[in-house]
Amino acid sequence: QKEVEQNSGPLSVPEGAIASLNCTYSDRGSQSFFWYRQYSGKSPELIMFIYSNGDKEDGRFTAQLNKASQYVSLLIRDSQPSDSATYLCAVIGGDYKLSFGAGTTVTVRA
Amino acid sequence: DTAVSQTPKYLVTQMGNDKSIKCEQNLGHDTMYWYKQDSKKFLKIMFSYNNKELIINETVPNRFSPKSPDKAHLNLHINSLELGDSAVYFCASSTRDRNSPLHFGNGTRLTVT
Numbered sequence: 001q002k003e004v005e006q007n008s009g010p011l012s013v014p015e016g017a018i019a020s021l022n023c024t025y026s027d028r029g030s031q032s033f034f035w036y037r038q039y040s041g042k043s044p045e046l047i048m049f050i051y052s053n054g055d056k057e058d059g060r061f062t063a064q065l066n067k068a069s070q071y072v073s074l075l076i077r078d079s080q081p082s083d084s085a086t087y088l089c090a091v092i093g094g095d096y097k098l099s100f101g102a103g104t105t106v107t108v109r110a
Numbered sequence: 001d002t003a004v005s006q007t008p009k010y011l012v013t014q015m016g017n018d019k020s021i022k023c024e025q026n027l028g029h030d031t032m033y034w035y036k037q038d039s040k041k042f043l044k045i046m047f048s049y050n051n052k053e054l055i056i057n058e059t060v061p062n063r064f065s066p067k068s069p070d071k072a073h074l075n076l077h078i079n080s081l082e083l084g085d086s087a088v089y090f091c092a093s094s095t096r097d098r099n100s101p102l103h104f105g106n107g108t109r110l111t112v113t
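Chains as they are written, first to last, in my numbering: chain A, 1 to 110; chain C, 1 to 113.
No wet-lab data here; the hints were simulated from the structure.
Please read these numbers as outputs of a predicted model, since none were measured by experiment.
Treat each hint with caution, since some may be false.
Claimed, not checked - Straight-line Cα separation of at most 20 Å, EDC-like style, residue types lysine to aspartate or glutamate; simulated pairs:
1. C:K40 / A:E3
2. C:K40 / A:E5
3. C:K9 / C:D85
4. C:K44 / C:E58
5. C:K44 / A:E45
6. A:K97 / C:E58
7. C:K9 / A:E45
8. C:K41 / A:D83
9. C:K44 / A:E5
10. C:K41 / A:E5
11. C:K36 / A:E45
12. A:K97 / A:D27
13. C:K22 / C:D70
14. A:K97 / C:E53
15. C:K22 / C:E53
16. A:K56 / A:D83
17. C:K71 / C:D97
18. C:K9 / C:E82
19. A:K42 / C:D38
20. C:K67 / C:D18
What the hints assert, rightly or not - Partial selection, computed: residues in chain A whose CB lies under 7 Å from chain C:
21. L46
22. Y96
23. G103
Heads up, the beta-carbon is just placed ideally off N, CA and C, and yes, glycines get one too.
So that you can see chain C by itself, here it is in the shape it has in the complex:
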């Protein structure tokens, strides 16, 4: 009964392809996030949704599009993948309390060749 689960765990694909990463949380949280961790381990927020509504959209290329069908799911679709997109992508969730900590999924390691 994983709290925040992401699929797939590993994703290897070629430049120019389109891919999706799925995330689901069973914690009853209202807010979900996508973070990108680069090779230097720096975690940077990409998007945040609160109860299906986009509330944070950092400077991320338009090729990245999040979708939240309900508050327990937040998927990430990436078009026209580039080499620089290679990273680990973490989904996370938190309660609606804006000062609450994040609970992370296990990450998706994306490798673009």
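So here's chain A without its partners, still in its complex pose:
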């Protein structure tokens, strides 16, 4: 079983819609959760981090964490064509190693 799993996508949404990305993780001792965005040919850039159960909002992005269900999600509201990228879920497990999911590619249709 992979440590961090994401919907592989691709996920296509119309401009202005909400894009919903899901991620599950296997290590119950995981403490820190991150979402990175990676444009084609570029390096991953951090867009959200969340440490506690519940929701965390930053602009058009909302991260949701449910440790009991070992689930973390990212919502992108009012999706823009510039949001088209691969979104990587990353989790720091109990061993303090950061593990990445395989990423979900999002395409926002104008």
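Given the structure of chain A, go ahead and fit chain C onto it with the hints provided.
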């Protein structure tokens, strides 16, 4: 004033050669990493150094050898390159807080022919 910089950006070489990738960070971070991203975009950790000391060494062939002359630099030397080594290699850094996020360099695209 790039925070994490890697050189070279592109590296094309033949099987059997030896090559190095250099990484430097000016963020004052204590921990540096090498990640490999394969053609399916999967990012996998290779090594991690904390203040010049190796702390993570994943199952990576011995042909890969990291070197950290100081906490701001982490280089990667690869011996006897193979076709399967073709990938994008990312350097990253973080603070000593084990739950802190990573800051990535721009990557080195290695192509072995």
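Hint by hint, here is what the structure shows:
{"no.": "1", "hint": "C:K40 / A:E3", "verdict": "holds (17 Å)"}
{"no.": "2", "hint": "C:K40 / A:E5", "verdict": "holds (14 Å)"}
{"no.": "3", "hint": "C:K9 / C:D85", "verdict": "holds (16 Å)"}
{"no.": "4", "hint": "C:K44 / C:E58", "verdict": "holds (9 Å)"}
{"no.": "5", "hint": "C:K44 / A:E45", "verdict": "holds (16 Å)"}
{"no.": "6", "hint": "A:K97 / C:E58", "verdict": "holds (10 Å)"}
{"no.": "7", "hint": "C:K9 / A:E45", "verdict": "holds (17 Å)"}
{"no.": "8", "hint": "C:K41 / A:D83", "verdict": "holds (18 Å)"}
{"no.": "9", "hint": "C:K44 / A:E5", "verdict": "holds (14 Å)"}
{"no.": "10", "hint": "C:K41 / A:E5", "verdict": "holds (13 Å)"}
{"no.": "11", "hint": "C:K36 / A:E45", "verdict": "holds (16 Å)"}
{"no.": "12", "hint": "A:K97 / A:D27", "verdict": "holds (11 Å)"}
{"no.": "13", "hint": "C:K22 / C:D70", "verdict": "holds (13 Å)"}
{"no.": "14", "hint": "A:K97 / C:E53", "verdict": "holds (16 Å)"}
{"no.": "15", "hint": "C:K22 / C:E53", "verdict": "holds (17 Å)"}
{"no.": "16", "hint": "A:K56 / A:D83", "verdict": "holds (19 Å)"}
{"no.": "17", "hint": "C:K71 / C:D97", "verdict": "holds (15 Å)"}
{"no.": "18", "hint": "C:K9 / C:E82", "verdict": "holds (19 Å)"}
{"no.": "19", "hint": "A:K42 / C:D38", "verdict": "holds (14 Å)"}
{"no.": "20", "hint": "C:K67 / C:D18", "verdict": "holds (15 Å)"}
{"no.": "21", "hint": "L46", "verdict": "holds (5 Å)"}
{"no.": "22", "hint": "Y96", "verdict": "holds (4 Å)"}
{"no.": "23", "hint": "G103", "verdict": "holds (5 Å)"}
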